[in-house]
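Colleague: What follows is each chain in one-letter form.
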Amino acid sequence: MLEFQNVSFQYPQDSRPMMENLSFSVEDGAFISIIGASGCGKSTIFRLINGLEKPQKGAIFVNGRPIEQIKQYSAFMPQKDLLFPWRTIEKNICLPMELQNISKQEQKKRCQQVLEEVGLSAYAKKYPKDLSGGMKQRISFARTILAGAEMLLLDEPFSALDFLTRVDMQEWLLKQWEHFHKTILFITHDVEEAVFLSKSIFVIQQKPFCDMQSIQVPLAYPRKREDLKKKEIVDLKEQLIQKLRQQEAKAI
Amino acid sequence: MKKNIPAFLLGLLLLGAWQCIAMGIGAAYILPSPLQILSKLWQLREILLFVHLPATMGVTFLGLLISVVLGLFLAVIMDISPKIENALYPFIVASQTIPTTAIAPLFVLWFGYSIWSKVLVTILITFFPIVITVYDGLKATKREMEELLMTYGATKKDIFIKLKLPTALPPFFSAIKMAIPLSIIGAAIAEWLGAQSGLGYFSKRMMTQLDGAGVFAPIVLLSMVAMISVAIVSMIEKKCITWRKEI
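Chains as they are written, first to last, in our numbering: chain C, 1 to 252; chain X, 253 to 499.
With the rest of the complex left out, here is chain X:
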């Protein structure tokens, strides 16, 4: 608890500064104050929480789930076969050079305004850190531990299950903690670029109405969801992995 005090104080200081600057400018459509944003959040709570948040969370959850499955699959097959690694790795890196904002409208053309165009954008943003982090985790296995298992007569499958998977578990949790905010960002970007509901869509709609606080309110909500989700994953990680520093 004590270690959080500096962060809490810094947050208060920044919010105070923001409040002062916003009040100085005095134009909420340019820079709304934190109090105006909170007030807007409260005012719009029903539509944000019960209409747009579930839509964004649907995209986020599906995008994250598919990214995790795809990321783990790619990481595992690259670890199993260097040939597959050589073939896939450049394409995985290349996938991150695609400007999402440029390609997202194309997804809308392909899939229409259905959930899948947004899920695809989310996957494109999210799967990369999962593949790379888990793959590095699998490769980080200590050679001497692997050899020890070999001297006990372990097969490749045994080494994978008994050594590589547990070794890759801490990086996997790190990947998930990175992927959650990214998947929320992905979903919001996708909704900005073409959607009929969702917090990203709502934020964009408020933009057209020059409602600064209305633009910020969904963003604050998204940040809160991301922080709570990461905190939950961190708690699970703490319970599951008591040996992170021992590796």
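Same shape as in the complex, but just chain C:
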């Protein structure tokens, strides 16, 4: 379980804090989306979780232990695929395992497995330039999975894709989540994407923020795209859009 306890953080170049006394928790195996206006601090939450930034106050715990004391508790998947162009797909996927000094044999085994899971076994020896945008994101996801963490931090991973690929990738991601049983925190600007994917949605409503409103999505898994047409879901989307608009208006 991930827990933020009274976390405050401010970037040195900013005149006001990004968050103040923020507390929230995420249960194991959950799929949580975080939404909010641009610059509200969504990505900062990820930077704090994966240790790229340190909170000025408060602490972050994973399974009751401060994150400073544990390793490989989270794996980050950025907006861009960030595949290394000089590495083959196989070598890109093995990167986190290389850094953990896992044996070459074991790396190869896990890599083959995960490539099969993401349906790209035939591309093991290819280079990123040989893949489409959607394929690259799948490889990036496979690399994130092989980082060996139980919690995946996905920062707008599909925002650069075209509409149809994005829709395919969302459905694909849900299948992967059900298969791998990982905890997923997902940042997005797209309300429909958040509703379709998540068990709960955390909404950031002001800056600096001290809490996030948690909204349950009243849909069971597995989900279908037609579910988005249900009245309660359409209402939920409307409600979320209103909240984001209010936040934008406050920011102006």
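Careful: at least some of the hints might be erroneous.
Unchecked claim - With a straight-line Cα cutoff of 20 Å, these simulated SDA-like cross-link-like pairs (lysine to any residue) come out:
| hint | chain 1 | residue 1 | chain 2 | residue 2 |
| --- | --- | --- | --- | --- |
| 1 | C | Lys108 | X | Lys414 |
| 2 | X | Lys394 | C | Ser43 |
| 3 | C | Lys80 | X | Lys394 |
| 4 | X | Lys394 | C | Gln79 |
| 5 | C | Lys91 | X | Asp410 |
| 6 | C | Lys80 | X | Lys490 |
| 7 | X | Lys497 | C | Pro85 |
| 8 | X | Lys490 | X | Leu421 |
| 9 | C | Lys80 | C | Pro218 |
| 10 | C | Lys129 | X | Phe412 |
| 11 | C | Lys126 | X | Asp410 |
| 12 | C | Lys91 | X | Phe412 |
| 13 | C | Lys129 | X | Lys497 |
| 14 | C | Lys54 | X | Leu421 |
FYI, nobody ran anything at the bench for these hints, they're computed from the structure.
Once you've looked at the hints, dock chain X against the given chain C.
Modeller: Relative to chain C, chain X alone:
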């Protein structure tokens, strides 16, 4: 092949113009014609290829090798430590303000007519583009890629080996392609200023004899060597780096 046709035609045109002007002037000690230079090159082929070219290539190779090692070393330590960068950078830039022709005779005083006085001049001219280009290559690493590695638990050494070195490889090849002609120029200048063999020395000797074609012949040979060397490096680069445009 097709893309080389304009360059080939322009080269022919320039050579033709040169030939006409040289024939118009009619004084080979002022401006020898390309045909006279080629004829001289053929006439002197043995002494140029087997005596003076190896001497110049020895200086060039040693100068280039030391420049590459020194350049890479300086680029890496400057990348590792901003303090070292602050201390070294002004001196590296200052080294390029030294007029080579003025300082080369001093090197001859220090090292005599041995190979080292010429190697030193070559290094002075060659190491700068290597340091600057490789250093910029190391600094050009994408911050987000670096952070991604950090989230995987990478150490500074891991980031250097797995990210910075590959990122700096294309600039490194560019640096080598710049450094090869510079090292040949450096060696030739050094030989002009004080040597007992080498193509630069030979060219200078021909100057004293007012043999215009004899001055040009070694220069043509040096140009050919530089072009062939750069072409070989470009071929290796093409084989090694298929992802230059992807970064």
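Colleague: Hint check: X:Lys490 vs X:Leu421, CA-CA at most 20 Å. Holds or violated?
Modeller: holds, 12 Å
Colleague: Does X:Lys414 sit within 20 Å of C:Lys108, going by the straight-line distance between their CA atoms?
Modeller: Roughly 18 Å between the alpha carbons, so the hint for C:Lys108 and X:Lys414 holds.
Colleague: Holds or violated: C:Lys80 and X:Lys490, Cα atoms, limit 20 Å.
Modeller: violated, 27 Å
Colleague: Below or equal to 20 Å on CA atoms is what counts here, so check C:Lys80 against X:Lys394.
Modeller: holds, 12 Å
Colleague: Starting from C:Lys54, check that the Cα of X:Leu421 is at most 20 Å away, please.
Modeller: violated, 33 Å
Colleague: Take a quick look at whether C:Lys80 and C:Pro218 sit within 20 Å of each other, Cα to Cα.
Modeller: Violated - the C-alpha atoms of C:Pro218 and C:Lys80 are around 31 Å apart, more than 20 Å.
Colleague: Measure nothing beyond the straight line between the CA atoms of C:Lys126 and X:Asp410; if it is 20 Å or shorter, mark the hint as holding.
Modeller: Since the Cα atoms of C:Lys126 and X:Asp410 sit roughly 24 Å apart, the hinted pair is violated (cutoff 20 Å).
Colleague: Between the alpha carbons of C:Lys91 and X:Phe412, is the straight-line distance 20 Å or under?
Modeller: Roughly 17 Å between the alpha carbons, so the hint for C:Lys91 and X:Phe412 holds.
Colleague: Does the structure keep X:Lys497 and C:Pro85 at a Cα separation of 20 Å or less?
Modeller: holds, 9 Å
Colleague: For C:Lys91 and X:Asp410, compute the direct alpha-carbon distance and say whether it is at most 20 Å.
Modeller: Holds: C:Lys91 and X:Asp410 sit about 15 Å apart, inside 20 Å.
Colleague: Measure nothing beyond the straight line between the CA atoms of X:Lys394 and C:Ser43; if it is 20 Å or shorter, mark the hint as holding.
Modeller: Judged against 20 Å, a Cα distance of about 18 Å means the pair holds.
Colleague: Under the criterion that the straight-line Cα-Cα distance not exceed 20 Å, is the pair C:Lys129, X:Phe412 satisfied?
Modeller: violated, 23 Å
When the structure is compared with the earlier hints, violations turn up for hints 6, 9, 10, 11 and 14 and for no others.
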